[in-house]
Amino acid sequence: MTIADTARTMEPNRTSSWVPVCRVDDLEVERGAAALIEGDQLALFLLHDGSIHAVQQRDPYSGAYVMSRGIVGSRGDAPTVASPMFKQVFDLRTGTCLDTLGKERHDLRTWPVAVEHGIVHIRKDPR
Amino acid sequence: MARDTPPKHSRHGDATPSVYRDGMSDNTLTRHLVVVGAGMVAHRFVESVRTRDPEGRWRITVIGEEDRLPYDRVGLTAFFDGATVDDLTLSREHFVDDERVSFLRGDAVVALDRDERRLRTASGTVVEWDELVLATGSYAASLAVDGFHLPGVFVYRTLDDLESLSSWVAERKGALDRPVRGIVVGGGLLGLEAAGALQGMDVEATIIQSSDRLMSAQLDAAGGEALARLIGARGIEVRTETITTRLDPGPHGGVAQLEFRDGSLAPADVVIFTVGVRPRDELARISGLKVDKRGGVIVDAGCRTSDPSIHAIGEVAAMEGRCVGLVAPGYAMAEVVATRLLGGEAEFPGYDLSTKLKLGGVDVASFGDAFGETPGALDVVYADPVAGVYKKLVLSDDASILLGGILVGDATAYASLRPLIGAKLGGDPSAYLLPETDGARPATGPLPDEALVCSCNAVSAGRIRSAVTDDGCTDVAGVKACTKAGAACGSCLPLVKRLVGAELEAAGVTLSSALCEHFASTRAQLFDQVRVAGLTTFSEIVTRFGTGRGCDICKPVVASILASQGAGHVLDGGRASLQDTNDHVMANLQKDGSYSVVPRIPGGEVTPEGLLVIGQVAKDFGLYTKITGGQRIDLFGARLEQLPEIWQRLVDGGFESGHAYGKSLRTVKSCVGSTWCRFGVQDSVGMAVELELRYRGLRSPHKLKLGVSGCARECAEARGKDVGVIATEQGWNLYVGGNGGFTPRHAQLLAEGLDSETLIRTIDRFLMYYIRTADRLQRTAPWLEELEGGLDALRAVIIDDSLGIADDLDAAMALHVDAYEDEWKATLDDPEKLKRFASFVNAPTTPDPSLAYTAERGQPRPATDAERESGGVLIAGTTLEVRR
Ligand SMILES: Cc1cc2nc3c(=O)[nH]c(=O)nc-3n(C[C@H](O)[C@H](O)[C@H](O)COP(=O)(O)OP(=O)(O)OC[C@H]3O[C@@H](n4cnc5c(N)ncnc54)[C@H](O)[C@@H]3O)c2cc1C
Ligand code: SF4
Chain A
1 MTIADTARTM EPNRTSSWVP VCRVDDLEVE RGAAALIEGD QLALFLLHDG
51 SIHAVQQRDP YSGAYVMSRG IVGSRGDAPT VASPMFKQVF DLRTGTCLDT
101 LGKERHDLRT WPVAVEHGIV HIRKDPR
Chain B
1 MARDTPPKHS RHGDATPSVY RDGMSDNTLT RHLVVVGAGM VAHRFVESVR
51 TRDPEGRWRI TVIGEEDRLP YDRVGLTAFF DGATVDDLTL SREHFVDDER
101 VSFLRGDAVV ALDRDERRLR TASGTVVEWD ELVLATGSYA ASLAVDGFHL
151 PGVFVYRTLD DLESLSSWVA ERKGALDRPV RGIVVGGGLL GLEAAGALQG
201 MDVEATIIQS SDRLMSAQLD AAGGEALARL IGARGIEVRT ETITTRLDPG
251 PHGGVAQLEF RDGSLAPADV VIFTVGVRPR DELARISGLK VDKRGGVIVD
301 AGCRTSDPSI HAIGEVAAME GRCVGLVAPG YAMAEVVATR LLGGEAEFPG
351 YDLSTKLKLG GVDVASFGDA FGETPGALDV VYADPVAGVY KKLVLSDDAS
401 ILLGGILVGD ATAYASLRPL IGAKLGGDPS AYLLPETDGA RPATGPLPDE
451 ALVCSCNAVS AGRIRSAVTD DGCTDVAGVK ACTKAGAACG SCLPLVKRLV
501 GAELEAAGVT LSSALCEHFA STRAQLFDQV RVAGLTTFSE IVTRFGTGRG
551 CDICKPVVAS ILASQGAGHV LDGGRASLQD TNDHVMANLQ KDGSYSVVPR
601 IPGGEVTPEG LLVIGQVAKD FGLYTKITGG QRIDLFGARL EQLPEIWQRL
651 VDGGFESGHA YGKSLRTVKS CVGSTWCRFG VQDSVGMAVE LELRYRGLRS
701 PHKLKLGVSG CARECAEARG KDVGVIATEQ GWNLYVGGNG GFTPRHAQLL
751 AEGLDSETLI RTIDRFLMYY IRTADRLQRT APWLEELEGG LDALRAVIID
801 DSLGIADDLD AAMALHVDAY EDEWKATLDD PEKLKRFASF VNAPTTPDPS
851 LAYTAERGQP RPATDAERES GGVLIAGTTL EVRR
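So the sequence lines, in the order shown, correspond to chains A and B.
Each residue of the first sequence is one higher than the one before, counting from 1 in the numbering used here.
Each residue of the second sequence is one higher than the one before, counting from 1 in the numbering used here.
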């Protein structure tokens, strides 16, 4: 699950572990950015429709920390990122691998994202 | 059971491919006859041999590129009157149903080894022959105008052509709330048939003819006039003396209008080009058989080519100095060769060019010496303009012997007159019928189910078929995911695509040549669409010509198309998000997520000072260094956030980006040439440097490599490059279409003895023409192979300017040369661009903590998992000290 679709209206719950990461303005539409949060590497994606998604930076197929450098696009309705290493394609909303290119399926971990006063927040306890 | 394929294939490279010669038969006297092409003439030939060789002196293998049983091309238009593929299929009896005939369909012969008498197909099958027959027919000629490749533009030659035409028309009908408008370019026999076919689909039809009359090859002026009236009465509009100069797309991306030389425009939802056919003589050319200068494999009266073990029959054969696009002479040639191979004597009887138009309600026939070219010939003319009838008989000077004639409006006499050509006119001529073929038998499958298609992942043809029929896959990507076929090296994908296409077709679905789910067009079509529409951003392009938000396939294609059209820096104008990571950060991604950096070293020439700069950078940043195959130096292990610093040092030292990351010019490799070498005849390094500086940064469908050698000894291995230049005493020889890698190819000679200026102009045009028309990730060699007309057509376009686009190509290259800037320097100069090189958005200079290195042979390399676990690794950023 991700709450990115409601990113504009969602008020981060200050009592849970929402971590501020960067300004929305620091992100570029359809090009990922890596973030380092308490030792975890995340990849953040700002999409054309204004929604923001966070997935793991580690590419499960190569083991390299590169997901933010993949090409963003769509498969049907799903916003996607393709690994820059071997081009597996993942659904940015769920982390589900949509095209394993014949390999075993590995999904990406995702994090809830919210925006408040132009600042992107990540909820650190996953799902 | 019918066997459509040879009993076994020996794969390419196998040293003992003689399986057909005696493998299947106890009779070692059986010889192997191999037929290339499975069209009408090949079918007739095989049928003739098999019916006349009951004792089986010959085993026959037929290899046909179309993935179908031979079909009746002459009757093709019946497809629009409801004839099915089965109806059009020719008799199987002495073909696939014959146990001495092996039929390999859906595979093209790509190479002939005449010394070894063996051939190789596109799928890698090797077949030996005792006698070889080329029956490869013709292809539909194309017109060199912008927009020829737009969706909705068709030729009219194969069942595939007609199927795509009919589904396009069906689609347009659904989308438009007015009648669909069709234009046929070319007013010959075929054009009239095609116009009739359009009408049959309720499409308004217009014929555009460049000369002054319809069917100008068969009719005189009066006949043409009479025909125009008949055609007009049938509701088909005709424009003569009209030259098409351009096709423009509409908002849906497909063709929308034609522009003519006089500047006028005509709307069109579908366009069919019937502007002639060209013999498919490419195999003959590459294997050094004699070919006619106007095309076609030269044969003698016995249909023998310049190689005694090879015959050519049908449209591909240049007999008596010409190729003829009619089936009857082809059948005659088939009989000649069949007779000879069975020990008889036979010679081609000469061409009979008689033709009759097959267009309902419009009777036209032309036969014999229709234009009265025989000295002293007399015309007898009967014309009834009101009834629309024009009849002309051509007679000998004493009016006794029939030489030929033209019948328009009423051709009932054709059948009785044609056989009388050369005979005394009079009496009661018997009816003559063109040998018609029987049809209406079901087709069976091509490759046997157990044939291995993907050798990397051991996927058989049967598995691929069942992915479609049982697992419900509907495209190649689906089949790839489901079966793993093509998921490794990808070299079998074309075959997978064919199999999937055939299977889907059987299920009534057609396979598209779409780039990806977001664009229905091919790269070449998209290139045209973008250029003609003058669009410069991905959003505009995908909104106008595609759907969705793109993907890792179409985005880099669009980025490359825009770059080739002179769009500026790769990171400007919203194009940054389109780039693959390599193009995005202008370095090459390595397995651990770090990058390698390659400064340009034009022609491989470097000063000692330059080497010191590179060495010092490598030392300071702890980079692994290696000399590349392209005569330069690659520096590995740079982290994203280090790239600008590294570039700054290199730029300060006089270097610039080497574009090792781009689908663009890589290197121009050179030998030392006449400056030092005792054998050199020209300055190869100087030329290499000039070429590299000219084409640096040029974005293309795939990487480009060039080479320049100073003499014929070829130390620079230039013929292994996309463009190879070899110096001679007379000037430069230019070779194109070579590459190393997975499928090595030698470049082929394009032009000889060029001076430097002509050389550069020719390369300019070659590269630009390739960039405009090639497919995504198609290198020059396969592009050239697929180019209709091959090397000759290429020469015509870029040297003789047959398409009239040379100025355009020159201008496009001039634009590139003028607009070139070093991407590294431009990035360093722009703080906005530099922001992209932060390791983390919230910690811009912190190195990726996952990177770890260990030393090997005195240099760093990524640590293995085991090494990481045991400790003892260098962690990037902490132990690799950077000196400023
Ligand atoms: C719509 C239409 C109407 C026509 N009407 C008439 C008519 O009324 N009268 C008439 O006389 N003629 C007519 N023709 C022309 C007639 O069809 C041709 O003359 C005839 O088909 C030529 O036969 P062919 O076997 O030489 O070539 P083709 O029928 O072209 O067959 C050659 C085959 O070889 C294959 N091939 C080519 N290269 C390779 C390779 N390297 N490896 C494997 N396979 C290869 C091709 O894919 C093709 O299937 C018409 C043609 C068309 C398109
Ligand atoms: S190709 Fe000729 S000129 Fe160049 S190094 Fe070799 S021998 Fe010398």
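Calculated from the structure, these hints are not laboratory results.
The beta carbon of each residue, even a glycine, is placed where N, CA and C say it ideally should be.
Incorrect hints may appear among the rest.
[To be verified] Negatives, chain B to chain A, calculated, CB over 12 angstroms: (1) Ala111; (2) Arg172; (3) Asp220; (4) Glu517; (5) Gly615; (6) Leu749; (7) Asp865.
[Said to hold, decoys possible] Per the computed footprint, the stretches of chain B lying under chain A, defined by three or more beta-carbons under 8 angstroms from a beta-carbon of chain A, are: (8) 316–325; (9) 583–591; (10) 844–851.
Here is how each hint holds up against the structure:
no., hint, result
1, Ala111, "holds, 31 angstroms"
2, Arg172, "holds, 25 angstroms"
3, Asp220, "holds, 60 angstroms"
4, Glu517, "violated, 7 angstroms"
5, Gly615, "holds, 28 angstroms"
6, Leu749, "holds, 38 angstroms"
7, Asp865, "violated, 8 angstroms"
8, 316–325, "violated (count 0)"
9, 583–591, "holds (count 4)"
10, 844–851, "holds (count 4)"
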